[in-house]
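Fit the two chains together into the complex; they arrive one by one in their own frames, and the hints show the way.
In case you want the letters, here they are:
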Amino acid sequence: MLLPFVTAAQEERPAWSLDIDSVEVVTERHIKDIGVQKSEMDTTVLHQNISLSMADVLTHNSSLFIKSYGRATLSTASFRGTSASHTQVTWNGMNLNSPMLGMTDFSMIPAYFIDRATLYYGTSSVSVSGGGLGGAVALSTGPVSEHGFGLQFVQGVGSFSTFDDYLRFTYSDGRWSVSTRVVYSDSKNNFKYTNYRRKTGLVFDDTGALTGFEYPVERNKCGDFHDLHLLQELYYDAGNGHRFGLAAWYVDSDRGVPMLNVDYRDDADYSNRQRENTFRGVMSWSMIRGSLKLGARAGYIYTYLGYDYSRQIGGGEWAQMTRSRSYVNTVYGAFDAEYYIGRKWLFTAGITAHQNFVVSKDRNIIRQDGNSAIVGYDKARIELSGHVSAKWLPTERLGISVTLRDDFYGTEFTPVIPAAFLDFVASKRGNVVLKASISRNYRYPTLNDLYFLPGGNDTLRVERGFTYDGGVSFRVDGNGRLSFGGEVTAYDSYINDWICWLPTAKGFWSPVNIRKVHSYGVELKADATARFGRDWRLAIKGSYAWTPSINLGDPVNWADESIGKQLVYVPRNSAAVTGRLDWRSWSLAYEWTYYDKRYTTSSNETATRFDELGEYFMSDVWIEKRFAFRWADLSVKGVIRNLFNEEYESVLARPMPRMNFEFFVGIKPKFQSRKK
Amino acid sequence: MRRAFHTLLTVLASAGIWSCMDYGPQPEERFSESGKGVFIVNEGNFNFGNASLSYYDVAGMRVENSVFSRANGISLGDVAQSMTVHDGRGYVAVNNSGVVFVIDLSTFRLVGMLEGLTSPRYVHFASDTKAYVTDLYDTRITIFDPTTMQVTGHVETGRTSTEQMVQYDRYLFVNCWSYDNRILVIDTETDEVCDEITVGIQPTSLVLDRNGKIWTITDGGYEGSPYGYEAPALYRIDAATRKVEREFLFVLGDAPSEIRIDGDGGTLYFINGGVWRMSVDADRLPDEPFIPGSGTIYYGLGVDPETSEVYVADAVDYMQSGVVMRYSPTGELLDSFRVGVTPGDFCFVR
Numbered sequence: 000m001l002l003p004f005v006t007a008a009q010e011e012r013p014a015w016s017l018d019i020d021s022v023e024v025v026t027e028r029h030i031k032d033i034g035v036q037k038s039e040m041d042t043t044v045l046h047q048n049i050s051l052s053m054a055d056v057l058t059h060n061s062s063l064f065i066k067s068y069g070r071a072t073l074s075t076a077s078f079r080g081t082s083a084s085h086t087q088v089t090w091n092g093m094n095l096n097s098p099m100l101g102m103t104d105f106s107m108i109p110a111y112f113i114d115r116a117t118l119y120y121g122t123s124s125v126s127v128s129g130g131g132l133g134g135a136v137a138l139s140t141g142p143v144s145e146h147g148f149g150l151q152f153v154q155g156v157g158s159f160s161t162f163d164d165y166l167r168f169t170y171s172d173g174r175w176s177v178s179t180r181v182v183y184s185d186s187k188n189n190f191k192y193t194n195y196r197r198k199t200g201l202v203f204d205d206t207g208a209l210t211g212f213e214y215p216v217e218r219n220k221c222g223d224f225h226d227l228h229l230l231q232e233l234y235y236d237a238g239n240g241h242r243f244g245l246a247a248w249y250v251d252s253d254r255g256v257p258m259l260n261v262d263y264r265d266d267a268d269y270s271n272r273q274r275e276n277t278f279r280g281v282m283s284w285s286m287i288r289g290s291l292k293l294g295a296r297a298g299y300i301y302t303y304l305g306y307d308y309s310r311q312i313g314g315g316e317w318a319q320m321t322r323s324r325s326y327v328n329t330v331y332g333a334f335d336a337e338y339y340i341g342r343k344w345l346f347t348a349g350i351t352a353h354q355n356f357v358v359s360k361d362r363n364i365i366r367q368d369g370n371s372a373i374v375g376y377d378k379a380r381i382e383l384s385g386h387v388s389a390k391w392l393p394t395e396r397l398g399i400s401v402t403l404r405d406d407f408y409g410t411e412f413t414p415v416i417p418a419a420f421l422d423f424v425a426s427k428r429g430n431v432v433l434k435a436s437i438s439r440n441y442r443y444p445t446l447n448d449l450y451f452l453p454g455g456n457d458t459l460r461v462e463r464g465f466t467y468d469g470g471v472s473f474r475v476d477g478n479g480r481l482s483f484g485g486e487v488t489a490y491d492s493y494i495n496d497w498i499c500w501l502p503t504a505k506g507f508w509s510p511v512n513i514r515k516v517h518s519y520g521v522e523l524k525a526d527a528t529a530r531f532g533r534d535w536r537l538a539i540k541g542s543y544a545w546t547p548s549i550n551l552g553d554p555v556n557w558a559d560e561s562i563g564k565q566l567v568y569v570p571r572n573s574a575a576v577t578g579r580l581d582w583r584s585w586s587l588a589y590e591w592t593y594y595d596k597r598y599t600t601s602s603n604e605t606a607t608r609f610d611e612l613g614e615y616f617m618s619d620v621w622i623e624k625r626f627a628f629r630w631a632d633l634s635v636k637g638v639i640r641n642l643f644n645e646e647y648e649s650v651l652a653r654p655m656p657r658m659n660f661e662f663f664v665g666i667k668p669k670f671q672s673r674k675k
Numbered sequence: 000m001r002r003a004f005h006t007l008l009t010v011l012a013s014a015g016i017w018s019c020m021d022y023g024p025q026p027e028e029r030f031s032e033s034g035k036g037v038f039i040v041n042e043g044n045f046n047f048g049n050a051s052l053s054y055y056d057v058a059g060m061r062v063e064n065s066v067f068s069r070a071n072g073i074s075l076g077d078v079a080q081s082m083t084v085h086d087g088r089g090y091v092a093v094n095n096s097g098v099v100f101v102i103d104l105s106t107f108r109l110v111g112m113l114e115g116l117t118s119p120r121y122v123h124f125a126s127d128t129k130a131y132v133t134d135l136y137d138t139r140i141t142i143f144d145p146t147t148m149q150v151t152g153h154v155e156t157g158r159t160s161t162e163q164m165v166q167y168d169r170y171l172f173v174n175c176w177s178y179d180n181r182i183l184v185i186d187t188e189t190d191e192v193c194d195e196i197t198v199g200i201q202p203t204s205l206v207l208d209r210n211g212k213i214w215t216i217t218d219g220g221y222e223g224s225p226y227g228y229e230a231p232a233l234y235r236i237d238a239a240t241r242k243v244e245r246e247f248l249f250v251l252g253d254a255p256s257e258i259r260i261d262g263d264g265g266t267l268y269f270i271n272g273g274v275w276r277m278s279v280d281a282d283r284l285p286d287e288p289f290i291p292g293s294g295t296i297y298y299g300l301g302v303d304p305e306t307s308e309v310y311v312a313d314a315v316d317y318m319q320s321g322v323v324m325r326y327s328p329t330g331e332l333l334d335s336f337r338v339g340v341t342p343g344d345f346c347f348v349r
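Chains A and B are the protein sequences, given in the same order. Letter 191 of the first sequence, counting from 1, is numbered 190 in numbering that gives the first Met the number 0, and no numbers are missing. Letter 271 of the second sequence, counting from 1, is numbered 270 in numbering that gives the first Met the number 0, and no numbers are missing.
Bound conformation, chain B alone (with noise of 0.2 Å):
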């Protein structure tokens, strides 16, 4: 009460005073990261704005959020979806935005970045001078020059919710998630869909592993969907014939999802309640989590493709700072932070 009644005498006197609103410019602040480090993508919140980036340094055991609204004095936006570094400069793809920002691995400023997008994802580099975004509206994949950051072309899909990308060879496999069920295959020499594989409801990620082999893992769709529901499933497809070889059952309503693999291409890591871990030798799914679910649903995974250390990102409530949590290969716990709000991707850099 007593609070409360000097909160109101401040109140009467700001009326009195008029009180201007706080409000402008974000002041900039200068960095210089060097060492090992790993970028954290927080979405934040649908229609808040509130995405950002965080810089977590190996060796120090240190993390600074927001890097890029402090670097740049600008927003990063609204729901960032994917970091994709390449030849020392990182590229952000902010799904409500339409933006892919471009910066400075050790400085967080920004370089660049790439408009004229619907609702960019994923960012793949088959050359210096040839990428590929895609989108999740969008019927078309975006291609652009990262040397002169103008689009110079499109891929027509027909297909909305292409998602992630791997190239074998000269080709690029491509999963389109949201109600749909492909892995499509684009020729990056003509930039066009020339085949299409069909997998189970919902592909969500895509990984390539060190046999030539692609892994994807479904989501099985949700009860009561027009387009279906099933048990989801990870599939092993041979990336030079395109036909699926092998398709891993799990229990219906299971939710897998976040595949990846180390940097060996070995060992393959999802999320489904925990953190599981299989080899790509392997002839059955894992029958213990690597690490078990704490209560909440993990949101984002990272394999450090170096140490193959984990990180697992953990949203809480989606509505505050997410944590990350580091994992050595053996399951060890080696350190836990705060990032931003809903921690969705990670990103390393050597």
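In isolation and in its complexed conformation, chain A is listed as follows (with noise of 0.2 Å):
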């Protein structure tokens, strides 16, 4: 057996490792990670398949909920039945959300160009940000492991004209590594379906009424994408304690936001596009020497964002329903330290500023005096995010952590983020984790929360949230023959003062402090792995999550019925399942999603198809064969989406494509000199 030992400053290996009659135990319970409810995703679940944006990627290994319009359409995620708004993005350290709009488009982050995501729920999100009321999701990159050149390519082909190709080289020689990645994604997107929602072909008989009709067969329209995305990364490891990193992300993207399955305008002359161009930049360097860890990031990110929404009139003329144009440059800058004392203290604290300048220019107008204006804002935000935190272990099997937060935005404050954290070994056997957190956390409103034209309301409150949470956690390694684990986590959250859009008596919208939300829930995790004899391994992993969200606010008037009720596209019940099965060079895995009915209607009404849509069940399946030859690795994988050829919405009157292939093929050369 093996004496429990706590986590150094250099290390973050296991704090637990036991040998108990055959069942070798490891925990990952780390001094940073007391009591913090999260889930990793390493480059095994995120390097899959190159088509896989990372909204694909959660929605089948996390409890998280993904509202998706569709593959290349808006993508967004929310934790425990909160908004998008409430979950908090990070890309090596850089804050993702929108300052406009608060929340991340998952769809435009190809999961190849990402090396690990952790996600933090609720209180855990303390850790990594301010304003996480749901939760966090952190994605960062990474040097390389393999020393040497590499090289690999994937050429994917799939249904609807789609097309991915996946291209990195590499180069690491221990202290230096050099990464370039490009990801392009190019289709029609025109998949066929039945439009249940339109009737064409209409036959009136002599009176009038109508004697025949079809549902027509239609396809996608204005569905077509073309994404590039190119990535390029370079560490390097002085060898005496400090490392420096630099990242450069670059997307150009070109999409067309389908049409909806209501809309009787021809395709031929109508026009809804979104172009993006982003740069994300950001610098690294940390130190480590002694029990002193330091860290301290630089970055920029400069987005244009373009939105078309146009109809062809005749003539070569085009009436402008919407035009809109943002670009958003932010600085970024942190600085982090972490100092240990012993092995049973450990203290962090940490600083990180945005300086946001953003132009809005959401409408051109001819002003009464004959000149043209536009409809906009153009406004400059410093947000600056500091915490401390301190990290005890006061016995071998109890973990207690606080930390402190609080956020600066505009000219403002948020009251103090406290959150408090707890763990304890309940068993060495088995591995049995018991961890509690609490917290209270506070968002503050976004720019277009604030200055939006028209409707932005600058005397918009913080969302205040509070949330506490308690769970069970277990893992068991039966030396590498049978391995598996669960966890199990209940939790209560309150969000008051909800920012929600309403209209107003002048016909736009406008944000106000209205709503109060209660969710609470369970979610559940388990996974499994088993071996069998030298060439089989299984391996199944699954979540669940019990996610009643439910307003609480007060009623608008009498006639509210909202109160009590279900929040709009929350589903009650999610869950996710997927099985892997390896013999040999060959792999077949199976993914099955499900989501509860979500309700489009605040009363959770039912009277019709469209105050809701119905359950969702997805399963997906792909197989793949790995070559070794002595010049190159090859793979061939084939993957089936919608394995059971529905017909369905996932969001109302946005149809989704039934069964539908894609099939990659991919290269390795092999060069000299390649080792771990």
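Keep in mind the hints are simulated off the structure, nothing from the lab. Just so you know, even glycine gets a beta-carbon here, dropped at the ideal spot from N, CA and C. Any given hint could be a false lead.
If the Cβ cut is set under 8 Å, some of the chain A residues that face chain B in the computed set are [what the hints assert, rightly or not]:
1. Gln154
2. Val156
3. Phe159
4. Arg197
5. Met320
6. Ile364
7. Arg366
8. Val374
9. Val555
10. Asn556
11. Glu614
12. Leu651
Just so you have them, the derived chain B footprint on chain A, three or more residues with Cβ under 8 Å [said to hold, decoys possible]:
13. 47-56
14. 499-506
And the structure:
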């Protein structure tokens, strides 16, 4: 039996390692993670195939609710019955949430560009960011582990004239690490579907009565997309405790916004497009010396977002329904410090700064004097977030942690965000760990909330959250033959002054601090891996979430029936199961996702088909064969999505594709002297 | 917890049998309404495609919701704006679907549709063979023949956001709302804009009274608008001379809208917080509302042209079924009933 030890400053080794009756027990208990509810995804999940966005990965591998309009369309993630704006997202420490909208479109993040994704639930998000009233997603890249030159190319060809290309070049000598990644996705995305929301071929009799019709088989219109992502990384390990990093990510995206299935306009005369150009660059430095670890980062983000919604009205003239342009420049800086005192104490502190400059041009108008003018805003805002924490292991089984964070935006401070964490190893055999945490949290309004024209409300207050959770986890590793683990967490959470956009008497919408929401529930996670003989390996992973998210606000008036009801588009139950079977160089995987019905009205009505979206069951399967030659590794993979050919909408009026396929061929040439 | 456990079992069982999703055609229902009724046009939510049409049987004090989709088995579309009755048929303009549906007023069954539109708002009939459709974004007003449901021409206006229409003699008066301040005058014989009348910022709606006067009510824009921001006003325009005769000013920040008129053209109604009423011969705005506001923003207003009963729509939180309240001409609440999401327009069938 190995005695327990505490993670030291330079190491993040397991806190516990036991060997009892041939069952090796290894916990993942680090002093930095005392009481933290998180789940991590590594490259085996993230780099499954090149067509996946982070939205797809989160759908299949977490209990987050991903509201998606389809591939290459807006996909947002929400934790524990909150909204997408309550999910804070970082990339290499830098905030990815739009300062205008306060949320992240995960369809814009190729999973192949992320080497590590960590989901922080509820209170645990305080260790990453303020404002994560639901949670936080921390995405990061890292140096390559293989020495020497590396090259990988994957070509994907799929249904609906879809082409996905991935190219990566790497070099590492242990001190220097260079990586260049390119993803290009191009698709007509014009899948066929039967439109049950319209009728065509109407035949009327002499009395004018309808006697014949058909539900048209249509193609998804204006859904084409052309996305280019380029990621350049450079890392240097000076060998004396100093490490340097540089990551630069460029995005050039041109996407159609598919027409609603209740749109009667001719797509030949119609344009609904979103164009985005984004550059994100971040430099990092870290230093480890004795018990002290320091880190600093500096970065810059530029985003251009253009949205055009127009219809050709003849003679080359277009009627512009929307023509918006936004330009966001963000300068980022961060500093972190960690200091260990002995093996029982860890103190951390950090500060991040984002200086945002936003120009939003929503509409061109002709003023009363005949001159043109732009409806929009031009604002700059500094956003600071600082935290300190103390983590303590008073006994070998018990861990206690306290974090204080405060955010500053514009000219205002949020109240101090306090968070406390506790964990306890209830049983070393089976690695049974009890965890609990509690926090207050605050999210400040976005720039659109404050300044959008018309409707921006500069009197908005911060949203106020209070949450606590508790859970238990276990993990057993049977000498590599069988390993399994599980976790159950219960949480209770309140958000007051939730910002909602509501119509005004003047006809436009304006945000107000109106809603109170109580969300609570249970999250289950389980996984098991079994090996049979030398060649077989079976891995199963599943998650389930029960997520009541209830509106407890004051009724608007006597007629308001939304109080006590589930929030719109938040499923009460969700689940995902993934199974993977490996035999020698073959792999077969099955992915199943479930969402409960989602209401589309705040009063949870069920009278018509438009009041709720039915239960969602989705099955995807893929099979892969790998070939190892002397000169290269090859892989061939086939994916079937929507295995049971379901017809469905997951968002009202947005049809989704039926069974579809994609085929991938990958090659990794072998250069000399590659070793881990 | 127990329910959660059962649900979990259900989920796992469902995973085993690969449950199918519930999606497909809607069943059709048969309706046969013959009495006096009121259609309520429910906008729904933008991009939700959940607009709907409700029908209220006045005598029976009975409401049928979602009658279009129930009768036809399809969706009404995205953002239904208005409904106009002509020659026994109802014309429903569905804004973000770019279509005008034509329905039978008794069965609610679809009998035709007009496509080729950008963002239709209101329909006005100049004759049995000629009708106009205004548009939120198209600078043209579309002309179509209701007997063939074919587009027969356009009126080039040079302005977007053409809204409601009233006709005086051969001249069609159209208010231009969004970031605008004009009432256009269109000659229905030449289908050209022959005059413009300048009023305050953003005229929302328009009626014609028994004296040949056109009334429009502006919302004054909003604070910070590059187009301007001013006190809203009620304007009286002489239809013959096209001159503004009177301007009744509201307080800066008020948001009056939805001007309506009763059947004999003698009494105006409008929303400004509550519902207000004034004679077309009055010299000043009324001091007290006809129906006080109820803590929410009234969204739609209709006045029965026969009985002068007043229907006012409350959209509640705009994400659930709205409520319609029916008042007698003396302000007594006669009935209230649930309709669809965001009720915005009323259409009366005699």
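For this session: Check each numbered hint against the structure and report the violated ones by number, ascending.
Result: Per hint list: 1, 2, 3 and 13 violated.
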